[in-house]
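Residue numbers (the UniProt record's numbering), protein chains in the order written: chain A, 1 to 597; chain B, 1 to 597.
Misleading hints may appear alongside valid ones.
Said to hold, decoys possible - Ranges of calculated distance between the beta carbons of each label pair, as one might list FRET restraints:
| no. | chain 1 | residue 1 | chain 2 | residue 2 | range |
| --- | --- | --- | --- | --- | --- |
| 1 | B | Asp-531 | A | Leu-78 | 20 to 30 Å |
| 2 | A | Gly-481 | B | Asp-52 | 52 to 62 Å |
| 3 | B | Ala-217 | A | Asp-86 | 21 to 31 Å |
| 4 | A | Ala-488 | B | Glu-278 | 27 to 37 Å |
| 5 | A | Gly-72 | B | Pro-336 | 23 to 33 Å |
To be verified - Which bits of chain B does chain A cover? Going by a derived footprint, with three or more residues having C-beta under 8 Å, they are:
| no. | region |
| --- | --- |
| 6 | 31-41 |
| 7 | 82-92 |
| 8 | 340-347 |
| 9 | 549-557 |
Claimed, not checked - One-sided and incomplete, this derived list gives chain A residues near chain B with beta-carbon spacing under 8 Å:
| no. | residue |
| --- | --- |
| 10 | Thr-13 |
| 11 | Pro-40 |
| 12 | Gln-204 |
| 13 | Trp-483 |
| 14 | Val-487 |
| 15 | Pro-490 |
| 16 | Leu-509 |
| 17 | Leu-512 |
| 18 | Pro-513 |
To be clear, the hints were calculated from the coordinates, so they are not data collected in a lab. Think of the CB as a built atom: it goes at the ideal place given N, C-alpha and C, for glycine as much as any other residue.
2 protein chains.
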Amino acid sequence: MRRSIATVCLSGTLDDKLTAAAAAGFDGIELFENDLVVSPTAPAEVRKRCDDLGLSIDLYQPFRDLDSTDDGLFRRSLERAERKFDVMAALGVDTVLVCSSVAPAAADDDDLIAAQLTELAGRAQARGMRIAYEALAWGRHVSTWDRSWRIVRRAGHPALGLCLDSFHVLSREVSPAGIAEITPGKIFFLQLADAPHLSMDVLQWSRHHRLFPGQGAFDLPAFVRLVLSAGYDGPLSLEVFNDVFRQSDPARTAVDAMRSLIGLEDALAVRHLPGAPELAGHAFTEFAVDGNSGPELRSALRGLGFTHTGQHRTKPVELWEQGTARIVLNSAVTRPGPAAISAFAVTSTDPGRSVTRAGALLAPAHPNVREPGETELAAITAPDGTSVFVTPPGDGWRADFLPTGVPAGPGAGLLTVDHLGLAQPFDHFDEAGLFYHSVLGLDHLATEEYAAPFGLMRSRAVANTSRTVRVALTVALLRRGEWAPAVADPQHVAFTTDDIVATAAALTLPPLPVPDNYYDDLIARFALDADLVATLARHGILYDRDPSGHELLHLYTPVYGGRVFFEIVERRPGYDRFGEPDAPVRMAAQRHRRLNP
Amino acid sequence: MRRSIATVCLSGTLDDKLTAAAAAGFDGIELFENDLVVSPTAPAEVRKRCDDLGLSIDLYQPFRDLDSTDDGLFRRSLERAERKFDVMAALGVDTVLVCSSVAPAAADDDDLIAAQLTELAGRAQARGMRIAYEALAWGRHVSTWDRSWRIVRRAGHPALGLCLDSFHVLSREVSPAGIAEITPGKIFFLQLADAPHLSMDVLQWSRHHRLFPGQGAFDLPAFVRLVLSAGYDGPLSLEVFNDVFRQSDPARTAVDAMRSLIGLEDALAVRHLPGAPELAGHAFTEFAVDGNSGPELRSALRGLGFTHTGQHRTKPVELWEQGTARIVLNSAVTRPGPAAISAFAVTSTDPGRSVTRAGALLAPAHPNVREPGETELAAITAPDGTSVFVTPPGDGWRADFLPTGVPAGPGAGLLTVDHLGLAQPFDHFDEAGLFYHSVLGLDHLATEEYAAPFGLMRSRAVANTSRTVRVALTVALLRRGEWAPAVADPQHVAFTTDDIVATAAALTLPPLPVPDNYYDDLIARFALDADLVATLARHGILYDRDPSGHELLHLYTPVYGGRVFFEIVERRPGYDRFGEPDAPVRMAAQRHRRLNP
């Protein structure tokens, strides 16, 4: 199917948008009127520019407030439409979106609206054009798809059809099931947007919080199947109003948008992507360190019971191990700075297929120019710049490391990696969620929001079904300004233990101090046994319990190397979260420690 | 009256918040439980810290979900309350806020709720404490102030009273009028928050969009008068959940908060501020320029028909004039950078009173160390750092300038300053609105939001009654990131003309080019006469019409000196806006020009 994107999805000037849409591989665009109005490029030149870029102009939009109980106003609107037909002719676009009226004088009479649309459609037809009529979810009288279809059917004009927009349909309670029964050929255009479930005014919800398919809560595949059942064969076109995308690099957003469409096509089985292979677990996590952060991280790893077991054959790269948790310290960094998770590796049952799938989803693997395992592993770049390696089962990647011969220490009972915590760049949080979901096949877990000492946070985790691969993504709800004395974009690795008290006792690095006030509150909140709480307090262990009573015991370390910390978790059976209620305690404690080193 | 602030209003750790509240002059705080829980400071030490800072702890909050149809849960809550009473005892606070339950098992029976509150109040009383019961606007069953008062009255316990929160009361449709009839002594606590009118879920509205009194749309003075009529003599306490304040410098926010309370007290006549004197107009606008931006601005002023009429006696400061529009170019800048509006002067009928009022509102005037008029003028610093001079009637400030003797040019028909346009720092937009309103006595005009090429914008203008002083404040809805190729925080001066076509013809600088597409759309949108539109197009003049038919004709210049531009406006009678619909055209054109110089 052809793929289009409305210019309103992207930031910048019209030329910025066209360039971005073409570069991401879109076949066409919906031209949002305001983007043309503010552009110095004449319509005929826009057409030529689109031709040069290989883009069709599939829709001109929107034309507002046509129908009216005031005939004079309606006549005025017809004149207005003629001016827009002139523009469309110069643009070479034959379909205009006419949305249901929100004006005080909007008609509430299907016959009148049908008659007025028929008159407009006649004028359009005379110019070789056609009208796609759409029910805005907040239309004054016409606000549901079924009413818009009743009106279009009543009009019965060949140049009048429907525009269906998934947001307008799915944000309302009217069932979309009947869409499959729409007369073939009468759906002129299909606009797609996802959205989170929000309890707010539908206009504000629509104008600020739409998302690309797969990023929200709507069942887009089911919706599109209904439309396809009605014989629709036009483009799948994205129309997403989103505050963040409106101000983000349009080239990035366009790729994110295209990835969402490819994923949707795959779900619809109109395109076949290689399925995401099952992932087995975290193979290793690589930190980039420099002369300052390296010693700090080594000391922290030792304190956590890790042993430096391997040294890269040729490069300044160390392997540290405990249980099946592996940390790689890479000192071959080109510019000094805080420590960072530069890469992580997950084990795939079929790395070749993982890589092929990633490439099909516009996340091409690039040759691994960094250690370890440079001979075998291809890296996929995540939206935050982290390299994701996909390794085959087994530890082949370890062949590049020579054993240090250092005997493994007693360890602290750490078993494996539970999850990675990656604070995301503000502009790319939803992009990251979609990336991990579509490219690696990880599922979205619940999104949580909480108040932290320096502002509100949003967290969304992705994980495989067996929960052996988990990544917790976080972002500030507002991009941070100068007053943000917390660590910017912190990253962490959480390790599992099956006895956190024993592990805590075995650590030789002090955990992050947890306030006594926290434990007093714990007793009140959860009615915990005082002895248990005393034990937790002695070791700086935090406690969370989900509404079903499943428990998490966990502890954090201070921040090392300027940006990273570690967490140790004992997940009691059934607990599937990340201890989010404790994150503010951690942030306050990390802040306190920085001010009182 | 005593003034308090809830710690949740401010960003940072508990110590950051206490320090900020004390520095801004608050008498007390409401301690938000989570701020204590994440703090390493024990309750007794918090009390001591507050004592040292001169702060009382007026309320401990919130205690949630007390009442229940499940007696076991209720008993558990009583135990939980006892633990909190322990904390309160150590803090030395005697009142706890108990909010209406949102739990599934919340009671819906006034008798049961009254009985459970009575039992809690008895326990509180035994410890010398008391319960302030508050109806959350989204409480499961108790969500209005009148029901909470019925329950408290029914309970009839001396240690049980009401907490009234202006948001919870005014966000609901139940009239607050009956508050004046509440039994004296039964309102234990008063929380104040303003808010904009928003059509959204009340919980989200409350948790993200509250504002300080005077920043929103609620009639706080009327509300507080009702509470005072009921004999309330406790503190006026702010409880504002706001996404921006939650992440802004708490010292700044606390001052903003205190200014809002002082303004409220003035409106209530419980404190007497010197009234804001009537302002007569803009006296002059000063630009800081350096060796690069100075020549650009001089050339632009010449092109606009200004004449360099005066030179400061001792400093590198020039006076440029046309009509009664005066621009001062100050080259005595200490660090190079883009040109900026460093100061502006407004004429006051009583500058001394303006300055006294500003000082009482925590915006103390400081001696003017910059030209012009250093002998006479005191400067008040606006939230964005701009100095606001308040000059007496007449042009006494010009005494420091020696006439250049340069004969005035023919000019371009500019009469005076219409308004200043000041893009505000993201964290200080609402603070700026309150500053201009309370300190200078300017009224808020409507707030507008619009989509601009690089993201959504919000604009709010302030003006005096006679509209001789206007300042248009703008901000991006999301703090800008790297992809923001527009000018950051642009500033501009708009001049009036009574014949913009003649003025445009007389300009010797080219106005900002306006796309033909804009004019084509203008004809369609407003059914304007084609000849008129051709004239507008010839001169780059834009056109706006408000819903009542009042008209604005205006034009923009390109950006000079890296940050500033000029506007020329012909306001037809009755037009009271700022041509906001044309701002995206300007931004796109300024962007286009920068890419195609």
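With a cut-off of 8 Å between beta carbons, are at least three residues of the region 340-347 of chain B near chain A? That given contact is violated, which follows from only 0 residues of the region 340-347 of chain B lying within Cβ reach (below 8 Å) of chain A.
Does Leu-509 (chain A) pass the interface hint, meaning its C-beta sits closer than 8 Å to a C-beta of chain B? Constraint on Leu-509 (chain A) not satisfied, violated at 19 Å.
Counting residues of the region 82-92 of chain B that have a beta-carbon nearer than 8 Å to any beta-carbon of chain A, does the count reach 3? holds (count 4)
For the region 31-41 of chain B, do three or more residues have a beta carbon lying closer than 8 Å to a beta carbon of chain A? Satisfied; 8 residues make the cut.
Looking only at beta-carbon atoms, does the pair Ala-217 (chain B), Asp-86 (chain A) fall within the given range of 21 to 31 Å? 43 Å, violated
Report holds or violated for the interface hint on Pro-513 (chain A), using the least CB-CB distance to chain B and a cut-off of 8 Å. 7 Å, holds
Is the hint on Thr-13 (chain A) kept, meaning its closest Cβ partner in chain B is under 8 Å away? 5 Å, holds
Return holds or violated for the Cβ distance of Asp-531 (chain B) and Leu-78 (chain A) against the range 20 to 30 Å. 22 Å, holds
Three or more residues of the region 549-557 of chain B near chain A by CB distance under 8 Å? This one is violated; 0 residues, fewer than the three required, reach chain A with a Cβ under 8 Å.
Using Cβ atoms only, decide whether Trp-483 (chain A) comes closer than 8 Å to chain B, and label the hint accordingly. 4 Å, holds
Does the Cβ-Cβ separation between Gly-72 (chain A) and Pro-336 (chain B) fall within 23 to 33 Å? 59 Å, violated
Hinted contact Leu-512 (chain A) with chain B - closest CB pair below 8 Å: This hint is violated: Leu-512 (chain A) lies away from chain B, its Cβ roughly 11 Å from the closest one there, beyond 8 Å.
Comparing the model with each numbered hint stated earlier shows that hints 2, 3, 4, 5, 8, 9, 14, 15, 16, 17 do not hold.
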